[in-house]
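Participant: Protein sequence lines correspond, in order, to chains A and B.
Residues in the first sequence are numbered from 1 upward in steps of one, following UniProt numbering.
Residues in the second sequence are numbered from 1 upward in steps of one, following UniProt numbering.
For the record, the hints were derived by calculation from the structure and aren't laboratory data.
Check each hint, because a few of them may be wrong.
What the hints assert, rightly or not - EDC-like cross-link-like pairs, simulated, lysine to aspartate or glutamate; straight-line CA separation at most 16 Å:
no., chain 1, residue 1, chain 2, residue 2
1, B, K421, B, D443
2, A, K294, B, D553
3, A, K349, B, E590
4, A, K294, B, D546
5, A, K292, B, E590
6, A, K294, B, D551
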Amino acid sequence: MTVLDNGAQQASADTAEVLRPHAEDAFADELAALAAADDRPRPARWRLSPWAVATYLLGGTLPDGTVITPKYVGPRRIVEVAVTTLATDRALLLLGVPGTAKTWVSEHLAAAVSGDSTLLVQGTAGTPEEAIRYGWNYAQLLAHGPSRDALVPSPVMRAMSEGMTARVEELTRIPADVQDTLITILSEKTLPIPELGQEVQAVRGFNLIATANDRDRGVNDLSSALRRRFNTVVLPLPESVDAEVDIVARRVDQLGRSLDLPQGLDGIAEIRRVVTVFRELRDGITADGRTKVKSPSGTLSTAEAISVVTNGLALATHFGDGVLRPGDVAAGILGAVVRDPASDRVIWKEYLEAVVRERDGWKDFYRACREVSG
Amino acid sequence: MNGEPVNSGAVEGPWLLGVRHHGPGSARAVRAALDERRPRAVLIEGPPEADGLVGLAADEGMRPPVALLAHVVDDPGCSAFWPFAEFSPEWVAITWALEHGVPVRFIDLPAAHALAMRAGEKEAATEGPEAERGEPEAGALEGGARESGAPVSDEPESGGPGAVDGLRLDPIAVLAETAGYDDPERWWEDVVEYRGQPAAGGDALAPFAALAEAMGALREVYGTGGHDRDLVREAYMRLQMRAAAKEFGPDVAVVCGAWHVPALRERTTLTADRALLKGLPKAKVDMTWVPWTHRRLARASGYGAGIDSPGWYAHLFAAPDRPVERWLTKVAGLLRDEDRFVSSAHVIEAVRLAESLAVMRGRPLPGLSETTDAVRAVLCDGSDVPLALIHDRLIVGDVLGEVPEAAPAVPLQRDLTRTQKSLRLKPEALERELELDLRGANDAARSRLLHRLRLLGIGWGEPAAATRGSTGTFRESWRLRWEPELAVRVAEAGIWGTTVLGAATAKAEANAVGAAALADITALAERCLLAGLSDALPVVMRVLADRAALDADVGHLAQALPALVRSLRYGDVRGTDTAALAEVAAGLAERVFVGLAPACAGLDADGAAEMRTHVDAVHGAVGLLDDAEARTSEGIRPRWFTVLHALGTRDTVPGVIRGRAVRLLLDEGELSQEEAGRLMGLALSAGTPPADAAAWIDGFVGGGSGGMLLVHDERLLGLVDAWLVSVPDAAFTDVLPLLRRTFSAYEPGVRRTLGELVRRGPAAESAAKVTAGVPGFADDLDEERARAALPVVRLLLGLDAPPATTPDSTNDLAEVAG
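Please build the complete structure, drawing on both the sequences and the hints.
Facilitator: Here it is, written out as structure tokens:
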């Protein structure tokens, strides 16, 4: 795929110009420093040792003083299992609700292991088999008949022949029959091309990272045969309120800037409140650990908290005094929590009455929520 | 360290085998060392009072995990435990000695001193809440931690409960830090526990020598590391070692915490050691063996021996080879039993992942954390749910120890006997009735004892009369009968604690956690109050609050509420602190309020009838709760009335509940007569199906005093009458049974009056003044009849009646009184 190669070279040539450079370009210095300092054994065709890959993701300081920024903030255990899995011949499946950095982790893993995070198949409901196996260049095919030249390899096929890491995003969105084409690739490590009577065998260093959303509706569950080919790592939601508030505030700030929304520091208190409500309902227990509450059917992920706050900010800017107030987020929270009108409404009201009403300093929030809940 | 150079590797004894308590690797090393050196006596760090009990360890009926239990004779609550698991080095040493006919001696400071010292500290530290409680758990915790804590360090010996001794050194943590580990447990496991058997030709004592050296260096730097009591204990151990050397010669093995090894090797003078031991307090102490469980060895369970994973350790100790492969096969077996699909290929992959992880983390062998990570990623699809099961069943495990019959009586029996004596309540085989007046201190204590025993399954007394409805009274009657097999029950209950109070508390807590239905827990709360188990109450309340929060069935909540409110009031009578109870009750009521209206929609006839009883029960409970809660800012009553309003006016709610809600509001004066009439008119209007209207009537006037309402308010009666006349013939036979049931519940007198009123017909209704203030009553006062009652009223109120009464009034009085 010369076209792709050219694209990658161009991107690395003027990284500053592109809107979002690839991980291996953006952090090229760190990767180089790690490779220089890394004296541990590397699996075949790996750019770094597993230990160095873990360090790249989790951050640290090298003996020569180079500081590696953390790419993923979360349990060390998860990264270690993920990296180790890639070193075995099992594929890695990253699971988690939206907004848990699945894609981010998979991109950086591929960048650190193979130095190339672009061998990517985006899973959608319309992903065809060709996207995973190979397609044909029909002009070539008609002109010269079937040959390797007429073949258009998929990113997975390229990864196999070059011993690289392939990525499949949103695996569960892909139709089940297309998913299952991965089984041969992952178990036999080979991709037959019956039209030519040939096959592509994976060389050492090939592996595959898939991401999937485990809370989404209307997805195609993996068949047990395929599932068995994966080691599963579940990426958790942020562990502490502070971490989550930080993530939400940062993302809201970025989004707000592109929407030209001003953001004062006053909003932080309200963001904390939204995050607290989301966390309590999600975890089924209040932050002080003293009262249990029922969990509604929605996911209430960090990503949703971000959209609630952004919405509230827009409301406050255009219809209020510019300061994020309880009334601005109440409707958004209600919409995020009450997905199933029958059961979720009861859960939400119960939460309001049993938890929110009693809490010090939450009177205004309680009133705002009562108003929109009816 | 000023003593001789290290000699534990020497051919000559004594051989000091420093171990980590409950460490399987240590246990293996100890066995290898004993097999190699064949000492003539084995000395073990433990209470010397147990010397006489050691023989029982070889008994057929003895199965670890077991624990040595020491308790002060007249205060069984003051006790300490020394747990032993199969993989404890001490246990290995004991069994080795018994198998080879070698004498065993326990050489630690006698429990007589240790317990007496702790009792003294307890008195000193009166500030500590723990000390004030004086509960057995406090003692047990101490004892449990004593044999463990941080692995080698014999932790909290020094600090009494509540005593503040901030800086205490964890030697293992220091060593681990030096080696670059962040988790001391892991370091220990890597360095000691996961080293396989010493090579055949190698010196079995070598690991002990290396460890002793490290500990020696540590103690040189840190001294006792805050464990000041250790000096006394070590002095005693040295004395014992001298005595053993005299008796058995130098070939003696000493199994003790690695921390103590440098101190035991120190050369001190006999007199110096004796001086340290002078003037120690002493208590009369009894010892026995008690069964133990893996759960109690685990840290989470409160009696923790300081190890998280007894099941894993037992596996490491028992597995002859390939521990990781065997462990993962076990895990796979468990998951298959639970109907999860796990193939051999899964197990193979899990083993490979665990081993790769170990390499990546730089560990010699996969440990528990590596295998668990592998199990999660490969066997559990990344989910923590099956992992919790594995933790519970395998990593901790369900092993229960056994103790032979011959072991001395448990302290619980002694405590019971003592309490029986002090309360003058003799166990008699003959059945007898006992009447208790709970206002008396002695009787109240008796009642509590009997309730506690019942909780423990020791059915000495059975409540004779139904005590359920009689809460708030001061009487209780019991039927007492002491059956011989109750002694067995007492022995069984011994695992719950050393005193009746402590055991009952522990049992109640366990029951609460294991209870299935919400109503069971409220009943348990009631029993806790009766038995005076205020310490168990927080746990019960927490479980109750959790269950209530997660229970989506309003019926369950409504069922639980009355019992809870009843115990609340009863607790008040007894003077127990029921603040927590009130909070939970209010929370429960809140949840009922929120969930009731949606739960009432779309019910069939039976469901509606059941829900009606719930509404009644909640109404009663709210009445009681409100009295107790009067001080809270927002009364619970107004909120309940809002709910009733919603119920009464919502069309989707079945008729019987709507009627009931309106009636309750009317009775409480929250709804005017007119409004009730309007709602009744609505419910009975032509558009309503007859069956539904009949149900409304049933709800509104059914039960108790409903008839009187109709008698007094002829307008309501008129509405019923008018509706009944308008019911079409076809539907009449349908509603008849329901109406019959409603009206047949009235008293005969009420029924007759109603009949008469109906016979008189609607004429009477129209005759009744429409302008009347209160329906059913005349417009104005009938002054003549009123005056006749006046003298009696005066008499009742003690007002000064005019002494000279007119003959008229006398007559009236006589008339009225007659």
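Participant: Take the hints in turn and mark each one as holding or not.
Facilitator: Structure-based check of all given hints:
Distance hint between K421(B) and D443(B) is fulfilled; the C-alpha atoms sit about 14 Å from each other, no more than 16 Å. Taken as a hint, the K294(A) and D553(B) pair is honoured in the structure, with Cα atoms around 12 Å apart against an allowance of 16 Å. Distance hint between K349(A) and E590(B) is fulfilled; the C-alpha atoms sit about 10 Å from each other, no more than 16 Å. Under the criterion of a C-alpha separation no larger than 16 Å, the hint pairing K294(A) with D546(B) is consistent with the structure, at around 10 Å.
With a C-alpha separation of about 14 Å, the suggested pairing of K292(A) with E590(B) holds against the 16 Å cut-off. For the proposed pair K294(A) and D551(B), the alpha carbon gap of about 9 Å is at most 16 Å, so the pair holds.
No hint from the list above goes unmet by this structure.
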